[in-house]
Every structure is written in C-alpha cells, then in structure tokens.
Amino acid sequence: MAYSVTTQTPASRIAAIAGVILISLLIALPFFAGRGTIQDMFFILTMLVLAQFWNLLAGYGGLVSIGQQAFVGTGAYALFGVVILWGVDPVPAIFCAGIAALVIAVPTAFFAFRLNGAYFAIGTWVIAEVVRLLVAQWKMLGGGTGTSLPRDATRDMWFIESIESTLGLRSAAARDVLAYWLALVLALATIGGIYWLLRTRRGLALAAVRDNTEAAKSVGVDAGRMKWIVFLTSAFGTGLAGGLIYMQKARISPDAAFSVTDWTAYVIFIVVIGGIGTIEGPIIGVLVFFALQTLLADFGSWYLMTLGVLAVVVMLVAPRGLWGLLSEQTGLHLFPIRRRLTGGKLASSEE
Amino acid sequence: MSILSLKSVSKSFGALTVTDDASFDVLQGQALGIIGPNGAGKSTLFNLITGNVRADGGSIHFEGRDVTRASAMERCLIGIGRSFQIPQPFEKLTVYENLLVAATHGRNLSEAIVRDDCADILERTELIRRANVPAGRLSLLERKRLELARAMATQPKLLLLDEIAGGLTEGECQALIRTIKDIHARGVTIIWIEHVLHALTSVVERLLVLDFGKVIGLGDPEEIMASREVQEIYLGIEV
Ligand SMILES: Nc1ncnc2c1ncn2[C@@H]1O[C@H](COP(=O)(O)OP(=O)(O)O)[C@@H](O)[C@H]1O
Ligand SMILES: [Mg+2]
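Chains as they are written, first to last, in full-length UniProt numbering: chain A, 1 to 351; chain B, 1 to 239.
Next up, chain A with everything else stripped away, as it sits in the complex (with noise of 0.2 angstroms):
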C-alpha cells in the first residue's frame, strides 16, 4: 500500500464547519447587534490581530519583540499623514498604514537582527521609542499631543453612505460598523494567512529554526531568510492593525500610539495566557484578555496587578499556556499542521 500524508483531523473537520458558522454570525453582528457590542468586537479583534502576528514573530520565529508599538504608531500616524496632508480617503489608506511599518521594519531589522535574546528584545523597545520621539517632533500632526481626522474626511469615507442607509445609522455608528467589518477581514485573513504560511514548507522551515537554527542551517533551511520574512510579514500586519484601530478612534497622540502597554504588554499577555506557539492560544487569551478587562477595568492598578500576576501563574503552572493545557488534554487541534504519514508499512499497526 502506498504512503500518503494528512494533516486533517475529525475535529478540525467539525472545527472547521463550526468556523464557517461562526464567521457568518460575525458577518451579519452589525444587522443585530447594537454599538456597544460592535466597538468591544472591534476591540477583541484587532487585539487579535496583533496577538497573532506577536505569536508568529515569537513563538514560530523565536523573535520576541517587544517593540511592536512602532508598527501600530507608524502605522497609525501614516494613516493620519495621508489623510490630513493628502487627502486619501482613510479606508484605503489603511494599506499606507502597513506598506509605513513596513519601511521602518528594514531599518529596524537590520539592527535587531545583530543582537540576540533578551538584547534583540531591548533593541526593538528603544527603536519603538526612538520612532515615537520621532513623530511627536511632527508639527504637522500635532506635535506631541496628537491630532484628529478631519471631520469631512470620517464622514464621507468609503463605503458610510452605504452602510448609513442599509442599517439605518447614523455616520458616527455607520464609522464603527465599517471598522469592525474591516477588522474582521484583517482577522480572518491574518489568521487564514499565517495557516497558509504553516503549511507550507516554509512553515516547516520556521519550526525547524524555532527548535534548532544550526541543526536548520545543515538541512538547506535559509534562517536568516525565514527570520526576515516573518519579521517584516508581522510589522506589516501590526502596521494595518495600527492604521485600523486609530481610523476608528479618528484621535491620535504619540503617547497612546507607540503605548508600549497597550500594543505590546497586552498582546504578550494575550499569547502567553492563551497558548504560545498556537493559533488557537491568542484566540483563547484574547477572549480571557477581554473578560477580565471588562470585569475589572474599574479597578485601576489592580486590574494591571491581576493580569501580570496571572501571567506569571499561567507561565509556572501551564507554560503552554490554556490551549496548551487543553489540548495536551484532548489532543485537540482546530488548525492541524502536523503531517501525518499514513498508509505503507503504517497502516496496520501505529504508534
């Protein structure tokens, strides 16, 4: 009998057929549900996004950065720069704010790159900090305490007249009913996207590298290819995310677009709670994010207390973080890329 390989499981079959249920619901969300819930979805998603991206850059390429405030800020201040200075309409600039952090990605790895763990680290924070110091340099956008869309700019945005009559809403809830449709398609394409990546050979290469660069290197895998790929891939991603989010707030300052605590501290805690080094753990960290967020936002310091102290409790107790936990438990797998040779001399006993 001949060999032949799959990755398919029963589960990610029903997981499957479950996902396209659900991203019917959260298409259609905004002809049900009311503003509230479609600003904390938006919320929730491009949280996501950024956890994904963070995940790809540190828990496939072994690259932990924790500078990725630089994509979004970039991102966000290209939006507004060809918004304000030239007139594009925001939604596609949205693509501005990516190719943006994609151009200050080069520089940045080009120095990250010579430096190694926690260094590597340390070097992506200070070029977040040297591009924020940068931009509040940046009179045309307000300086150091930021700037707003234009007015006429928000309202006459692609595709608002058409959700204003559509849904019945007014500009301000047609605004955020657009951003969140659009932060579902980031979503779903970055989390489709970087499946792809995985099953590709390209993601075996990234395992491999993950788990043993010099092992990789005498295999024929290019490292420092597979390193450059995933690192501007994620800035790119980070940097439309970065574009999307402040298109929705229409309000921007250096201090909130290059937050090292909002853009990166969160997204850490995201994907280590959730699972590093899975797809499915910042989709659980990110619900688990938003929960205790909601539950404890009143609280002020304490709420930041009760995320670092579950960080760390998560980190000891389960370093696989809840979906780790899981699916170690059940063997779970919503997004299998495990190969599985079957058939030939596997196909009557198996280990």
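Careful, some of the hints might be misleading.
As a list, the in silico DSS-like pairs of lysine-lysine whose alpha-carbon atoms are at most 30 angstroms apart [claimed, not checked]:
id	chain 1	residue 1	chain 2	residue 2
1	A	K139	A	K227
2	A	K345	B	K7
3	A	K227	B	K92
4	B	K214	B	K157
Hints in this document: simulated from the structure, not taken from any laboratory.
Please read these numbers as outputs of a predicted model, since none were measured by experiment.
Position chain B with the ligands relative to chain A; hints supplied.
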C-alpha cells in the same frame, strides 16, 4: 577525482588549536574513516567541512569549488550532508516532518514529491513506526538514527557521519553497517568518525588519524592500525 579537498585548514578556539594545518583529499565515491582520541578535533573538522564553524586559515574545495566561505546552508544545497555527534533533532516536529524539512529545503522540492523518498528512508533506518512521533520523545538510539535519516533526506553527494554507532547492540550495529554500506553502494561519498573500530573498518577503504588537531596518518586501514603512532595512541584501547 577528488570530491573534497582540504588545504592547510586551521582552527583555534582561543589559545586552543583544534585543527592544525590539515590537508587531505577524499576521492569521489570513497568511504573514509576518521579516528582519534576524544578532543582530537574530529567533530570540529566536520564543522569546518559543513560550514557550521568557519576556518581561520586554509581552503576547502568541494567538487572543485571553493566553499571555504560558504554558509552551512549553501554547503548542504550543493551536496554536503551531515549528522551531529550530539543529536540535534527538531524536537517539536515529528520524525517524518524532520525528514520533510531536510528533503524539501535541502533538495528544493515540494512536500508531495519527496514524500515517498522520506518514507523509504524511514524504512531503511528502521524509524518508520515512529514516523508520527514528535522527535523530542525519541530515545537516544532513535535520535541517532534520525540524525542519519535526516542527513540522507537531503540526498547528499558527501555524507559526514559523527559517531553514530556508539551504544548499539551487536545486532543493531550490523543493521547500521548494512544501511551505511547500502548508502555507499549508491555512489555517496562517506566520511565516518567512529570509535567502534570493527564497524568502521568493515565499511571504510581509507583511514585518517587525527591527534591534537593534526593529521598523523592517512591510508589503508590495516596499515594505519598497525602503525606505531596509532598503536601508541590506542594503547590500552581495544582494537
Ligand atoms: N565551539 C567551541 N568553542 C570552544 N572550544 C571548542 C568548541 N568546539 C570544540 N571545542 C574544543 O575543541 C576540542 C576538540 O573538540 P572536538 O572537535 O569536539 O573533538 P572530538 O570530536 O575529536 O572529540 C575540544 O577540546 C573541545 O573542547
Ligand atoms: Mg566529536
């Protein structure tokens, strides 16, 4: 024709000279054994040939091409495969996926094309029943087999094996010898570092002796083993 040629290659780690002016050629299709005491610099010599360590001086040519400054990845792609003395598996990938990485990247082919080759190698190295087990869960013995299997998956012209027979039972050792002879019979040039001398001499046609980073003997295995220098080094060690 020589497939590999080292000229005055040297390497030091700090004050310690680990490879001292090493020059030798390996002919196409030959099987060369390397022996020498622990710490003689045998593994370092492999690292220099594969590009995992850079030479301080001298030159290394593979198939007439100067590869002295080529990266480990490039050397794999042009046909130099290796096993590591201390196994270096991709622990979170399965045994089969370990071979897939090597076959798809080392040969620049798609997963579908290399599937049967990988399965065949797993059969030949007796790892097929462990194909879907994460490499991190293998025993030391299985890890050593995986080292050999993964190196084979890159389809090398020159295969470097670093002490893969240690700790095997006699039966396992005979099976390993058959596997290596089979690889050799398919035209692959082999350099094998091994302390298990009877296994080594049953495969190799030439023997190189390394001591304190110097090549102190190279030639017919029987003559080398009978020489005074080797007898001195191996005095007390069973031959
Ligand atoms: N990366 C390294 N850095 C420093 N010293 C090393 C390194 N690799 C090997 N050595 C030293 O070089 C000497 C030769 O090591 P090795 O090539 O592994 O010898 P062998 O394989 O013959 O036992 C040893 O003394 C070892 O400690
Ligand atoms: Mg050694």
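Margin query: Of all the hints numbered above, which does this structure not satisfy? Sort the numbers upward.
Written below: Violated hints: 1, 2; rest satisfied.
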